[in-house]
Amino acid sequence: MAHRVTLSESCQAVEAFERDTLEPLQAPAGMTAEDQRDIYRRMRLIREFDTAVKGLWKRDFIYGLAHSYVAAEAIAVGACAALERTDYITSTHRGHGHTIAKGGDPRRMMAELMGRVDGYCGGKGGSMHIAAVDMGMLGATGIVGSAMPIAVGAGLTAKTLDRPFVTVCFHGDGATNQGVWHESVNLAAVWNLPVIFLCENNQWAISLPYDQAAKNPTVSDRAQGYGIPGVTVDGFNPFAVYRAVKEAAERARSGGGPTLIEARFYRYVGHFVADDERYRDTDCNILWERFDPIGRMATYLAESGLATPEWVADADAAAKAAVDDAIEFAKASPEPSAETLWDGLFSPEFMREQGISL
Amino acid sequence: MAHRVTLSESCQAVEAFERDTLEPLQAPAGMTAEDQRDIYRRMRLIREFDTAVKGLWKRDFIYGLAHSYVAAEAIAVGACAALERTDYITSTHRGHGHTIAKGGDPRRMMAELMGRVDGYCGGKGGSMHIAAVDMGMLGATGIVGSAMPIAVGAGLTAKTLDRPFVTVCFHGDGATNQGVWHESVNLAAVWNLPVIFLCENNQWAISLPYDQAAKNPTVSDRAQGYGIPGVTVDGFNPFAVYRAVKEAAERARSGGGPTLIEARFYRYVGHFVADDERYRDTDCNILWERFDPIGRMATYLAESGLATPEWVADADAAAKAAVDDAIEFAKASPEPSAETLWDGLFSPEFMREQGISL
Amino acid sequence: MRTPSAAAAAPHADVAEGAAPRVMTVKQAINETLREEMGRDPTIIILGCDVGIRGNPFGVTKGLYEEFGAGRVLDTPISEAAIIGTSLGAAATGLRPIAEILFSDWITIGMDQLVNQVAKIRYMFGGAINVPLVIRAPVGAGGGQAAQHSQSFESWFSHVPGLQVVMPATPRDVKGLLRTAIRSDDPVLFFEHKRGYEIKGEVPDGEYTIPFGKAEIARAGSDVTVVTVSVMRHKAMTVAAELSADGIECEVIDPRTIYPFDYAAVLASVAKTHRLVVVHEANRRSGIGGEIVSQVVERAFDQLAAPPVIVAGLDVPMPYNRSLEALVIPDEARIRDAVLAVTARRT
Amino acid sequence: MRTPSAAAAAPHADVAEGAAPRVMTVKQAINETLREEMGRDPTIIILGCDVGIRGNPFGVTKGLYEEFGAGRVLDTPISEAAIIGTSLGAAATGLRPIAEILFSDWITIGMDQLVNQVAKIRYMFGGAINVPLVIRAPVGAGGGQAAQHSQSFESWFSHVPGLQVVMPATPRDVKGLLRTAIRSDDPVLFFEHKRGYEIKGEVPDGEYTIPFGKAEIARAGSDVTVVTVSVMRHKAMTVAAELSADGIECEVIDPRTIYPFDYAAVLASVAKTHRLVVVHEANRRSGIGGEIVSQVVERAFDQLAAPPVIVAGLDVPMPYNRSLEALVIPDEARIRDAVLAVTARRT
Ligand SMILES: Cc1ncc(C[n+]2csc(CCOP(=O)(O)OP(=O)(O)O)c2C)c(N)n1
Ligand SMILES: Cc1ncc(C[n+]2csc(CCOP(=O)(O)OP(=O)(O)O)c2C)c(N)n1
Ligand SMILES: [Mg+2]
Ligand SMILES: [Mg+2]
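Residue numbers (the numbering used here), protein chains in the order written: chain A, 1 to 358; chain B, 1 to 358; chain C, 1 to 347; chain D, 1 to 347.
Calculated from the structure, these hints are not laboratory results. Just so you know, not all the hints are guaranteed correct.
[Unchecked claim] Capping the alpha-carbon separation at 30 angstroms, the derived lysine-lysine pairs in DSBU-like fashion look like this:
#1 Lys62/D with Lys215/A
#2 Lys246/A with Lys215/B
#3 Lys58/B with Lys331/B
Make the full structure from the sequences, and use the hints.
Shown next, in the form of structure tokens:
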């Protein structure tokens, strides 16, 4: 049963990660320098965005809950770099990173977080329900695991209508113990659907470490039981994630069915904007921070001669400027009026027929 | 996606079963001759009981639905022979066999099926909710998979109160694709609870063959993902089941946690009393009928000199007599009166306090 | 997000224009509607346990697997949460799934998907997603199926904004409303009564639809308004015929859809009869009866000459025993008593 | 099946006999009750997500893990169906589990276990099994938690025979009712309002219990009966105080338990005031308000001088935006308007 993680357990976990999972950054064959720099830009944009969100939440510009994608940037960005514009993704309660990685507009995102009319959901959703349907991002959800079958449904559409798109289903390690996780993976497997289950294993579900939530803490080990391929990759490494997703997507598009990818990393920041992390020794976080995917990527770009320190500084400044611009945009966007309350409850046609309004 | 099973697929399945799973009958070391004969008696009693039920249902003595345990007798009987009186079992929609195997009284069972006051549930439950709580049989359920966490809860009681009992959770192959199956196995695993998950893999969930419901049709392969032992045994063989359960129970009692046992066999009869089996070629059933656990056990007893043909004939007659007696008992038992309608809705104390009655 | 339906305009070949109405059972009406709509629109799929090769345990989907193939009539593993959630994902990306849950009691297994996703996703996402999804599920008791196979939960689902709830009782209504459901861009719970499948009735020819939120006056009358849910309509009609002989004229109203609900029809009737009886099989406590009565009282208090009465299932899990079961389900005698009670009082 | 509790008679050491009542928050009252009862009865366990080391996200279970250990305060994986079902199995075999679902919206994930097993198992099995099981879950909206973290489903659960539903609003009631819940041999849904945790009030000393099914007259009055659910009590009290200055005296009744429900108290009040307002935060449609109104109308039609009015949540998923959210949740102005509407009408 649950116990407080000791410092020595933490050290062992870090060592195991270094030994078994950590992979040096190395771009996949054929990826252009510009594409690699783009991965950096996008990761940095997510980092800036979620750093700003925390501050805005503290100053009450953002209402409700918000969960940060910091430390996970390599996963969404690596995965989405391997996708087409017409592919779909489903998300979690931690959806800002997924939205940006899939091409979402930071302005409409920030407006949504501030509950404004120009937000992706017109202010109805907020952080936990952010969506960018036009970009194939099928929306965040506040209920752990609940988007799993939605991804399977998108896969079913692809198969039924013989369309070439794949769907990446992002989910946390905590979600793997939900019943609907199991039903979804099994269904996609037996129907051979083009779905990629991408587990963001940050080793925590709020206060519960994954190895206290599952006796076998290797998520990818479950794949075999479903008769599908499973793999664990370095989740601090965008190229490792890219390669795994690329391979899975190719298999899926050619009728090979789903894949379970475990991107292992560590949440070395709080669970959400106001987490005091009283459930763990935060000294352990420091052990993991040195794998910071953005720092690693900057070093890699420099070492492989793909970017100068000035380029990195410019990219960082550009990310910051984009977020500042998004904040300005959001602040200038109007609050939804009372008349919009009922909008979107049903299709406009039905609303008219039934005369539904305030 | 689903397709009709061909005769050649069926033949291959039989061959695979013979090659990989079928195990000759051989009593576990130390099991007395009387205990072995008792296994026969109990299997035969189940067979007689469920054969009678079908006839009674057709003549409208039994209302509602009833699912027969025919073909599965070796599983419940083998498993319960390995248990103590104080151990628990949970059941499925196919609960008659489990109840008899755990020591339930055929009279009270038959009375329940006829909806009479002397039934185990006073006529409130019927076949799908038959229970013998006094014998540790925690009740049948009409919802596939729904008893899984109840077994886990019994395991939690054992662990919390430091009691030596184990709980066997019977469930079908169809149940393995329910979300709650996954949550239950995972929870028992991570908490190391004394629970034995016994999958009765009869290869069908009504009209859906298991290999069209799961891409990997070996249920026990899933165990590894949960970090627990998994094994597949011959489900037509009471000794094979006995051995697997005995071993799992010993491990569970000594703190070794749960086990997943897949007892593989084949439902060569209809899904329920009125099944026309229009979803399959019933010629295939014949291929499997020769593994009939009762026939095999009779042969084994004779061949190993443990019983004469007369003994077998007597045992069969005794089983038949016991069921006839149960039927007479049930028919003589009164119908519940209208006043009993509210009984058992809440504890008697609460009912009194609130003045609940018709 | 929506796939324009290539076959939208092609009328199904079976539709015989101008022919006389045909008599069929509710079951046949469902089956025929599914077949016609699937023939018309290739984005429609059916999924659920045993809907394919077996044609569903009640025979409702019989022949569809053979006609449309395994790719459009999908036998699922026993995974109700995934059945509902997968249907949602499919609906959001271009299909029009018709999911089946074999007994409506088990929607509980996919309750989170239904209530927190299906019902809310359009609204949460600011209207960005269409959810053309029908969930068919039999409700109701009878036949000794006991506590876990007998329930009716229309009250629950009408409590959830974003869901439409349909409960038809005649072959004609089943056909017109199922077609409307399938063509709706919003989620519909389509509740069939399992004791109603064999009920026969006339069905018009052609591709007709019946709009949601329009009640049917099953029988006109001046003395008491009897609002019925699902197959209770038929019991109420029997009682109405009997009582007519005694000079009591019931106006039997079948709302057909629980949400949207046709309060205009009920209020118009109450304005005439001044008396209201509501009959449903679901449990009395927090059933839809309370909602209907509270709405009528709020809007037409002064027109009521007697307190409205609800005839409903007794508040116990459904017992297995035949005679106990019969006590729980509303019967003609209880409906009759209720009508007599509200009409006894003359103002 | 029941384990006799070894420590049943041992009073908790913290209980200071004869001391003056103490002021504490609802949160503290829950925490203290859990601690006292766990100290008294070793068969009580707590399980749920983050209830242990973290002490629950709201701090409700703080310190219990440290005091009673990992064997009695169990952090579960995110497996709500298993949390509920495992608690049931434990309750049936000798424990008294207190399960927590962090937001009551997610009970939907374990809905089948709750509705088809927990509520029915005693009845289905002919009374053979005790189910001493409490499920604690915060309900309600406020704070921008949007559509999936804001719902109140008391109406659903009161529709299910076999469940008790408790919704206390003051620290004193929370303590007395939680103790009754824990000691009950039948399943209890114990709904705390997440915006009510910090509400303070006096709590008596000692091991008191409050029986289920007994309303509290929060304020006596002669002009209108205001029945409130959960924290709506506090808003109604504010309105009552204001209106008293205008000469309108509200009788505010807090039923405290939704099932069993104290109709005797409400009917006695209506007999005096002849007017009824019901206030709850859950959605209006098929909410508990309709049920209460229909019961009162059925039993006291002639005593009503005006149609009862329900003040409730608007029928949309909870929107995120602060001002839209405020439109949906009943506030003092809406309660006031309702009271004025029903009292305006003089007979
Ligand atoms: C069904 C459900 N149960 C519990 C919660 C509360 N909760 C929110 S996030 C979270 C942890 C999720 O862990 P994981 O899936 O690993 O994602 P992470 O936050 O680590 O990215 C929990 C328990 C929830 N939102 N939904
Ligand atoms: C949740 C749920 N879904 C569907 C059904 C309908 N149903 C009854 S038995 C059954 C097949 C169960 O298959 P399995 O678990 O393998 O048990 P078997 O009948 O083969 O012994 C189904 C689908 C049900 N009872 N419960
Ligand atoms: Mg995590
Ligand atoms: Mg089976």
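Hints not upheld, ascending by number: Failing hints: none at all.
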